[in-house]
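Asker: In the order they appear, the protein sequences are chains A and B.
FYI, in UniProt numbering the residues of the first sequence are 1 to 360.
FYI, in UniProt numbering the residues of the second sequence are 1 to 805.
By construction, these hints were calculated from the structure, which means they are not laboratory data.
By construction, the Cβ of each residue, glycine as well, lies at the ideal position given by its N, Cα and C atoms.
Among these hints, one or two may not hold up.
Stated by the list, open to error - List time: in silico BS3-like cross-link candidates among lysine-lysine, alpha-carbon distance up to 30 Å:
hint, chain 1, residue 1, chain 2, residue 2
1, B, Lys742, B, Lys729
2, A, Lys165, B, Lys705
3, B, Lys428, A, Lys324
4, B, Lys428, B, Lys9
5, B, Lys742, A, Lys324
Stated by the list, open to error - Partial list, computed: chain B residues near chain A (C-beta under 7 Å):
hint, residue
6, Ser357
7, Leu417
8, Trp516
9, Lys763
10, Ser765
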Amino acid sequence: MSDLDKLQSDILGAIEAASDEAALEAVRVGALGKKGSVSEQLKTLGAMTPEERKTLGPAINGLKDRVTEALAARKATLAGAALDARLASEAVDVTLPVRPTGIETGRIHPISQVIDEITAIFTDMGFAIAEGSDIEDDEHNFTALNFPEGHPAREMHDTFFFTPKADGSRLLLRTHTSPVQIRTMRSQEPPIRVIIPGRTYRNDSDQTHTPMFHQVEGLVIDRHANMANLKWVLEEFCRAFFEVPSVQMRFRPSFFPFTEPSMEVDIRCRRQGSDIRFGEGDDWLEILGCGMVHPNVLRNCGLDPDIYQGFAWGMGIDRIAMLKYGLPDLRAFFEADVRWLQHYGFRPLDLPTLAGGLSN
Amino acid sequence: MKFTLSWLKEHLATDAGLEKVADTLTHVGLEVEAIEDRGAQLAPFKVVHVIEAKPHPNADKLRVCRVDTGAGEVQVVCGAPNARTGMKAVFAPSGSTIPANGMVLKPTRIRDVESNGMLVSEREMGLSGEHDGIIEMPADAPVGQPFAPLMGVADPVIEIAVTPNRPDCLGVEGVARDLAAAEIGTLKTAPVNPVRGQFPCPTRVRRELPAGEEALCPAFALRLVRGVKNGPSPAWLQSRLKAIGLRPINCLVDITNFLTYDRARPLHVFDAAKISGDLVVRLAREGESLPALDGKIYELPADAVVIADETGVQSLAGIMGGEGSGCTEETVDVLIESALWDPENIARTGRRLGVHSDARHRFERGVDPAFTLPGLEAATKLILDLCGGEASEVVLEGEVPEPQKIIDFPYREVQRLTGLELQPVEMKHVLTALGFWVAGTGETVKVAAPTWRPDIHGKADIVEEVVRIVGLDKVTPIALPRAPEVPQPVLTLIQRRTRAAKRALAARGLVEAVTWSFVPKGHATAFGGGAAELALANPIAADLSDMRPSLLPGLAVAAQKNADRGYPDVALFEVGQVFSGDKPEDQFIAATGLRRGLATPEGTGRHWSGKPEPVDAFDAKADALALLTALGIDPSKVQVVSGGPEWFHPGRSGTLQMGPKLALGHFGELHPRVLQELDISGPLAAFEVILDRLPAPRSKPTKAKPPLDKSDFQPISRDFAFLVDRNVKAGDLIRAAQGADKQFITGVDVFDVYTGTGVPDGKASVALAVTLQPREKTLTDAEIEAIAGRVVSAVEKATGGTLRG
Numbered sequence: 001m002s003d004l005d006k007l008q009s010d011i012l013g014a015i016e017a018a019s020d021e022a023a024l025e026a027v028r029v030g031a032l033g034k035k036g037s038v039s040e041q042l043k044t045l046g047a048m049t050p051e052e053r054k055t056l057g058p059a060i061n062g063l064k065d066r067v068t069e070a071l072a073a074r075k076a077t078l079a080g081a082a083l084d085a086r087l088a089s090e091a092v093d094v095t096l097p098v099r100p101t102g103i104e105t106g107r108i109h110p111i112s113q114v115i116d117e118i119t120a121i122f123t124d125m126g127f128a129i130a131e132g133s134d135i136e137d138d139e140h141n142f143t144a145l146n147f148p149e150g151h152p153a154r155e156m157h158d159t160f161f162f163t164p165k166a167d168g169s170r171l172l173l174r175t176h177t178s179p180v181q182i183r184t185m186r187s188q189e190p191p192i193r194v195i196i197p198g199r200t201y202r203n204d205s206d207q208t209h210t211p212m213f214h215q216v217e218g219l220v221i222d223r224h225a226n227m228a229n230l231k232w233v234l235e236e237f238c239r240a241f242f243e244v245p246s247v248q249m250r251f252r253p254s255f256f257p258f259t260e261p262s263m264e265v266d267i268r269c270r271r272q273g274s275d276i277r278f279g280e281g282d283d284w285l286e287i288l289g290c291g292m293v294h295p296n297v298l299r300n301c302g303l304d305p306d307i308y309q310g311f312a313w314g315m316g317i318d319r320i321a322m323l324k325y326g327l328p329d330l331r332a333f334f335e336a337d338v339r340w341l342q343h344y345g346f347r348p349l350d351l352p353t354l355a356g357g358l359s360n
Numbered sequence: 001m002k003f004t005l006s007w008l009k010e011h012l013a014t015d016a017g018l019e020k021v022a023d024t025l026t027h028v029g030l031e032v033e034a035i036e037d038r039g040a041q042l043a044p045f046k047v048v049h050v051i052e053a054k055p056h057p058n059a060d061k062l063r064v065c066r067v068d069t070g071a072g073e074v075q076v077v078c079g080a081p082n083a084r085t086g087m088k089a090v091f092a093p094s095g096s097t098i099p100a101n102g103m104v105l106k107p108t109r110i111r112d113v114e115s116n117g118m119l120v121s122e123r124e125m126g127l128s129g130e131h132d133g134i135i136e137m138p139a140d141a142p143v144g145q146p147f148a149p150l151m152g153v154a155d156p157v158i159e160i161a162v163t164p165n166r167p168d169c170l171g172v173e174g175v176a177r178d179l180a181a182a183e184i185g186t187l188k189t190a191p192v193n194p195v196r197g198q199f200p201c202p203t204r205v206r207r208e209l210p211a212g213e214e215a216l217c218p219a220f221a222l223r224l225v226r227g228v229k230n231g232p233s234p235a236w237l238q239s240r241l242k243a244i245g246l247r248p249i250n251c252l253v254d255i256t257n258f259l260t261y262d263r264a265r266p267l268h269v270f271d272a273a274k275i276s277g278d279l280v281v282r283l284a285r286e287g288e289s290l291p292a293l294d295g296k297i298y299e300l301p302a303d304a305v306v307i308a309d310e311t312g313v314q315s316l317a318g319i320m321g322g323e324g325s326g327c328t329e330e331t332v333d334v335l336i337e338s339a340l341w342d343p344e345n346i347a348r349t350g351r352r353l354g355v356h357s358d359a360r361h362r363f364e365r366g367v368d369p370a371f372t373l374p375g376l377e378a379a380t381k382l383i384l385d386l387c388g389g390e391a392s393e394v395v396l397e398g399e400v401p402e403p404q405k406i407i408d409f410p411y412r413e414v415q416r417l418t419g420l421e422l423q424p425v426e427m428k429h430v431l432t433a434l435g436f437w438v439a440g441t442g443e444t445v446k447v448a449a450p451t452w453r454p455d456i457h458g459k460a461d462i463v464e465e466v467v468r469i470v471g472l473d474k475v476t477p478i479a480l481p482r483a484p485e486v487p488q489p490v491l492t493l494i495q496r497r498t499r500a501a502k503r504a505l506a507a508r509g510l511v512e513a514v515t516w517s518f519v520p521k522g523h524a525t526a527f528g529g530g531a532a533e534l535a536l537a538n539p540i541a542a543d544l545s546d547m548r549p550s551l552l553p554g555l556a557v558a559a560q561k562n563a564d565r566g567y568p569d570v571a572l573f574e575v576g577q578v579f580s581g582d583k584p585e586d587q588f589i590a591a592t593g594l595r596r597g598l599a600t601p602e603g604t605g606r607h608w609s610g611k612p613e614p615v616d617a618f619d620a621k622a623d624a625l626a627l628l629t630a631l632g633i634d635p636s637k638v639q640v641v642s643g644g645p646e647w648f649h650p651g652r653s654g655t656l657q658m659g660p661k662l663a664l665g666h667f668g669e670l671h672p673r674v675l676q677e678l679d680i681s682g683p684l685a686a687f688e689v690i691l692d693r694l695p696a697p698r699s700k701p702t703k704a705k706p707p708l709d710k711s712d713f714q715p716i717s718r719d720f721a722f723l724v725d726r727n728v729k730a731g732d733l734i735r736a737a738q739g740a741d742k743q744f745i746t747g748v749d750v751f752d753v754y755t756g757t758g759v760p761d762g763k764a765s766v767a768l769a770v771t772l773q774p775r776e777k778t779l780t781d782a783e784i785e786a787i788a789g790r791v792v793s794a795v796e797k798a799t800g801g802t803l804r805g
């Protein structure tokens, strides 16, 4: 073995043995530094004869190259090991739970969600949203709606009253959203297409009644709107709202003071436990009341019933929410029990749209 | 309104079965609410022959019966005293269910003797309260046949909902007429023939009503039948009344009840022996009262119409008779009253006294005036037939009104209102079948409603009659025309903001509640409400008495209830109406959020990542500002001023305003006194923003956003710490620093507030980070120093603080 070979094997051995970057640097300085063993060899080249240089030159340069290469390789290895060690020390327990944020824990009440669904459907059909105050007077809640004074139909409303004023008049909590029909017809020229969602009140409380509930009414007034249009609007609404391919509805003659003819509407369904499926089955479920606006109501709003005509309907928002989403108990709607709200409520960004679907 | 199928068939000749009848009733607007088909229910119970009944070997009161069921012999142990050899009884076999108690029979042993099935009583069959013995069938009853038809109790009972506009259908005849018009049969009500009076009626009737108020009693017909023999009514009459839930009393009374349901004609019978002198129809007098037939004593209101004799009030007109002059089994001479009363007066009196009677129910809806005299004749005939006696002539006080309103009815009205195309002949046919008078042959005819239809006033009412009988299902849906263009937005600003507010608050982790619009008075008062004008006169419960002035009490109580259920850390919100007065403009939409316990915006409850911090005023402030931002309000334009309404902690609350006159809302921790008033515990932090008060966005000609103002140079941040009095507001420091240089200062943040070691008592160290944004070129050190100097002097001047070295 020549001296050069020995030198090479010593240096490569030292590189391999270097356990950290500092030791490796010492080996590099010892070999390739100014006074390093390989540098010393390179210095001898200048004093050599051309013949000697021809053979020893490549050998020494080769030695330098191999040492440089081995140093780089060892350096990379050591750097990788150091990084691994650092990373190992930085490890965290990713199974620790993170805190859910608002977007996960917040909820929209089913009533708000259903109002948004109703709004999406009817605004598409060209309806606007009308609203009114909860505290009403007798004129708007009853008289203008063709409830005769003292008529049993008035009594059936279980009205909440306020204390009579000095002039004998007394205000009340609206028993339906219909007063807004009167206010709309008195303030707006036909054609009118509005829906009227809102809170309503009746002095009644049991398993299926709460003293406060939510209604949505619809009103269409123009020169042509008839019962055939009414049926279409309601069927389209129910189909869209319940998100089924088709619904079957049964219109029964009924009575409301403010419509003539008046009808109650049932929808065909199948009940399976708390689940109700629409568009199939043999049960009929009453879901709304409707009719052609009574000529007296039109007259009370300054509209000539021989020129203008139209229809109106009303239904319980709470009720259709219960039917669609299988909510078992009306009273729970107003108890603000977070377990109920978390379970039956809707995620903040579940915005009902016709394009994306009302629910998902 | 209840009736039986066979009763209906007294008025309607039809082959239709129960199901068809029921479907048609609903179809024409007489919604079937219930059908009780007792014949089907009682079918398993059949007539048996008791071959032998001998004493039970181990029990004195029991008998062991050998029973022939027609399908074989069984042994039954029976405890009834009337169980005896040779009788015909009713047998419930093993496996059948006893209607009265739902018990399913099984073969058993009673005191060591085998017993299969049961001999039953009327009570066990759900027929009556009779339980003294088992049912005894007639000796000729066929063994093995269902007993119910033989006893006349198999008749299905139909219950319909009659809407208030249809008093005619509060009688079976009216129901039959609608069904006949719907063509499932023919109306066959027997005509009423007058009964000739044999002598003048000895009792007279006078109306002594205030002048001009004769309409309170337009007509009063009366007649005497003398020499009757009253007693239990015949079985057919009793079984009809029982079937619809009425208790048979005696024949005279049962006859009036029968006609009330058969012909919607309430009548009254007085025992003539108990009437002194003439009958007077008048208003009740101060202090008068009436012990009525229902056993209660009614204090009569001054405008109640009564029927009195010389001794006093004998009947509450059109509502209920008096106990003193009522008919009993001893009655020999009976006065029959058939009168007309003012519906509104009857309704008012009935409502005030809280009397619900079949008579009131009909009179307040409208009784057929034309049937006043026929009703009296029908009653007379029944009394003579069932009780015997001799009828007097009829006396009639007043006059039976003949309302005859003729309506011009264009046939095309049906098409105009319903879209349904019908032939005139079809429409005329329907109207005629319902008893309407139709005259004319053109496109417009003259129509008059029958006297029993007080609900028909105009064309629309006639349209309803036609379509409900022809069938609403004949109306084919037609699309409501849609606008040819893409619809314009329709939601108003407040509607958009209400919707957005809910989504924004939910996205912050608050859960939407819907709480009552009414709160207890104490809660209303604690939150600035409680005015007399907003208190309900008839609240459903004492704690739901006053319209809420704020959503806070409802949410706070709800949060406490959740805490009581084991969920102490809740974040709730509501967007809804609040009331500051009783006028429409006093109603506002509030958006209100409330956090309790550890339900902070960072998360709910304890967490390994940090120390649990209970909710505080800053959480509420953050919610409120997030809400305002979501609704398009620039938060930098909103001033935060210390302090809020009295229901907040005075030192931990703030008001959000845009100028001193426009408070948008408040936030903070609730006042301990309010917590006490509401009987709840904290920590609670809440905000309330009145959405109606938020300014509308400025309307702009285009939707283009202003160009982005961004500099090519990096911003620079400089930190300053000031020593200030502790009552100096951070907001004042920020505003002063911000104002020091309008051109370059683009942001001021507070990054530290420190009190304690190194800071003198009563002082605080507040550290600001001020961001400078170079515009055209990088700022030189000298320029930066100059701005920093201006910041220091502005803050020192505004707050009296000093820069900490």
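Asker: Return the numbers of the hints above that this structure violates; sort them in rising order.
Answerer: When the structure is compared with the hints, numbers 2, 3, 5, 6, 9, 10 turn out to be violated.
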